[in-house]
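Colleague: Sequences listed follow chains A and B, in order. Just so it is clear: in the first sequence, position 87 is 87 by this note's numbering, and no numbers are missing. Just so it is clear: in the second sequence, position 118 is 118 by this note's numbering, and no numbers are missing.
In short, the hints are calculated from the structure, not lab data.
FRET-style restraints, in silico, Cβ to Cβ:
| id | chain 1 | residue 1 | chain 2 | residue 2 | range |
| --- | --- | --- | --- | --- | --- |
| 1 | B | Y141 | A | K86 | 30 to 36 Å |
| 2 | B | L146 | A | E73 | 21 to 27 Å |
| 3 | B | A269 | A | K65 | 21 to 27 Å |
| 4 | A | E73 | B | Q27 | 50 to 56 Å |
| 5 | B | I172 | A | Q81 | 54 to 60 Å |
| 6 | B | P105 | A | E73 | 42 to 48 Å |
| 7 | B | I57 | A | D57 | 24 to 30 Å |
| 8 | B | R268 | A | Q6 | 26 to 32 Å |
| 9 | A | K77 | B | I24 | 58 to 64 Å |
| 10 | A | S80 | B | K142 | 22 to 28 Å |
Virtual Cβ for every residue (Gly too), placed ideally from N, Cα, C.
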Amino acid sequence: MDVYAQIATKIIEQQQNIIGPVAIEQAKTVSGLKVDWDKHQVTVSGNQQSVIDKLVDQYKELFGKISVEVCKEAASKLISQLPADKQPSSLK
Amino acid sequence: MKLLKDKLQIFVTIIFVGFLGWWISFQHVLSAQGKATQWFGSTYAVMALIGAIIGFIASSKWGGYRTVLGKALMFFSLGLLAQEAGQIISTYYVYGAHLTTIPYPSWGDVAYFGSTLSYLSGGIFLAKAVGIKYSLKSNKYKVIALIIPVVLLVASYWVFLHNHQYDWHHPITVFLDAGYPLGDALYISMAIIAYLLSRKMLGGIMRTGILILIVALVAQYAADWTFLYQTNRQTYIPAGYDDLLYFITYFITTTAMIKFRSSYKDLRAKTSSADTLEPKAIEA
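Construct the entire structure; sequences and hints are all you get.
Modeller: Shown next as structure tokens:
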């Protein structure tokens with residue numbers, strides 16, 4: 001699983017801890033993100049940075065900036081594996 | 001305004017207005033403590049029961065005991081249910097067992113103190129859900145989170161327990177004498193901390209429900225505080241202003257639960273419409 005897919009997985013997991021299955025439903029609506037949560041498989045296609053930004057925006061609709069902080073915390077260990085110019089802007 | 005269009009909210013508001021009208025109708029003969037006051041005092045917590053049922057449904061939609069938000073809603077619902085249980089038990093003592101004074105402590109206190117603990121647990125999970133840990137990285141907020149409970153605990157101690165004559169022969173009475181005001185101070189502290197530490201970051205569709213829930217906790221505290229103050233000074237009158245305050249609190253908490261339920265429904269509807277629109281967008 002590439003880093004972007006791992007970031008998306010961590011974000012969905014963290015959001016699931018707060019709001020439950022709604023977190024997975026919300027992730028499934030993000031274009032470029034394929035989620036098979038039964039197998040715990042997430043695929044990020046197209047502009048991967050942008051897809052992660054859209055996922056963060058999707059959760060932002062629920063709790064506002066708090067959701068963004070939750071996403072940042074979830075991705076904090078993985079984001080450093082990406083060069084600065086490849087990091088999703090919403091997680092910086 | 002959207003909340004007012006919710007059928008469940010309309011139903012609950014009609015019940016609220018009905019009970020409010022009833023309460024107003026007997027205030028001029030309150031001191032006589034007639035049938036109307038007795039019936040009102042025995043039934044108004046039906047609003048808490050309605051709120052608890054809606055709250056348990058909302059909690060299950062948001063993940064129930066497996067999630068932070070689900071647990072917060074579950075504990076607030078348990079608190080409401082305990083309030084209704086407390087009223088039923090008190091009613092039984094008066095009309096079933098024909099006691100002139102409700103014993104203290106009694107089974108009713110299991111329910112009422114259980115309610116205090118449930119609201120405290122709900123407040124803790126609510127604070128977690130609104131991400132207070134992110135604000136606690138700042139020293140200013142750390143100080144606020146420490147000062148608020150200390151001030152409220154000291155104030156509660158000063159008003160209710162300073163010079164209080166404890167009955168050391170009855171340890172449960174001592175525990176409840178201290179437990180009610182201090183427990184109330186702790187749950188209101190959680191509500192105030194949750195609000196102050198999240199107000200700049202909290203947004204989105206959950207904002208309204210969370211703010212209504214915090215207002216409900218403030219109202220519950222006002223009702224509990226007034227009740228303790230009046231009973232301490234033997235000025236409590238059944239079906240008077242304090243019972244109205246409790247009734248208003250149940251209505252506000254129920255409204256919060258309806259909001260969480262409708263937020264879930266709106267989100268599901270939006271997700272479903274996005275799923276339906278996507279293939280069309282691809283075709284286009």
